[in-house]
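Please construct the entire structure, taking both the sequences and the accompanying hints into account.
Numbering-wise, the sequence shown is residues 1 to 124 according to the UniProt record's numbering.
Take these hints with a grain of salt, some might be off.
[What the hints assert, rightly or not] Pairs of lysine to any residue residues, derived as SDA-like cross-links and limited to a Cα-Cα distance of at most 20 Å, are as follows:
hint	residue 1	residue 2
1	K41	I20
2	K42	S93
3	K102	M35
4	K78	R64
5	K59	I84
6	K92	L56
7	K102	E115
8	K42	E115
9	K41	F69
10	K78	F106
11	K92	R57
12	K67	D54
13	K41	E115
14	K42	W13
15	K41	V100
16	K102	L31
17	K92	D80
18	K59	T45
19	K41	Y97
20	K42	W11
21	K102	F114
22	K67	E116
23	K42	L31
24	K67	D52
25	K67	T55
26	K41	L17
27	K59	V74
28	K42	Y70
29	K78	V33
30	K59	D80
31	K41	E79
32	K102	E73
33	K102	N37
[As the list claims (entries may be wrong)] Derived DEER-like restraints, expressed as beta-carbon distance ranges:
hint	residue 1	residue 2	range
34	I20	G121	44 to 50 Å
35	V95	L30	53 to 59 Å
36	M105	M38	24 to 30 Å
37	L14	Y70	43 to 49 Å
38	V119	D80	19 to 25 Å
39	V86	L30	29 to 35 Å
40	L30	K2	45 to 51 Å
Source of the hints: derived by calculation from the structure; they are not laboratory data.
The C-beta atom is built at its ideal place from N, Cα and C for all residues, glycine as well.
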Amino acid sequence: MKRYQQGMTIWGWLMVLGLIGFFTMLVITLLPVYMENMSVKKAVTQVASQPDADTLREKDLFIRMNKQFYIDEVHSVKEDNIVIEVDDDGVKSVVIYYEVRKPIMFNVDAVVWFEERHVLGGEG
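Put into structure tokens, the structure is as follows:
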């Protein structure tokens, strides 16, 4: 009876460990970005749901949101990222467009774009 060697070679194991390491590094790098985005969503929802929110200017909305950003340590959203849009029915919405760049290795960055939208003065 012949027995054949089974299993992965050292090169196979190094490849698997390299892939596991790369994806672990990617998760560790990007997880804080998505957690920060959850804080942005919470701040937008809180401020936009206030009854007087539809009368506020972009600067006033940013000042109110910035208080929550300070508590949650959100550093990616700037005043220029906040826009008030009015649709055809006259409904105002606050929209926050921003991107986060995180270095992965050498000159390779991960770029994540976010767009958060909420109707002003309403629950939606």
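(message) Run through the hints listed earlier and report the numbers of any the structure violates, in increasing order.
(response) Hint check: 1, 10, 14, 20, 26 and 35 fail, others pass.
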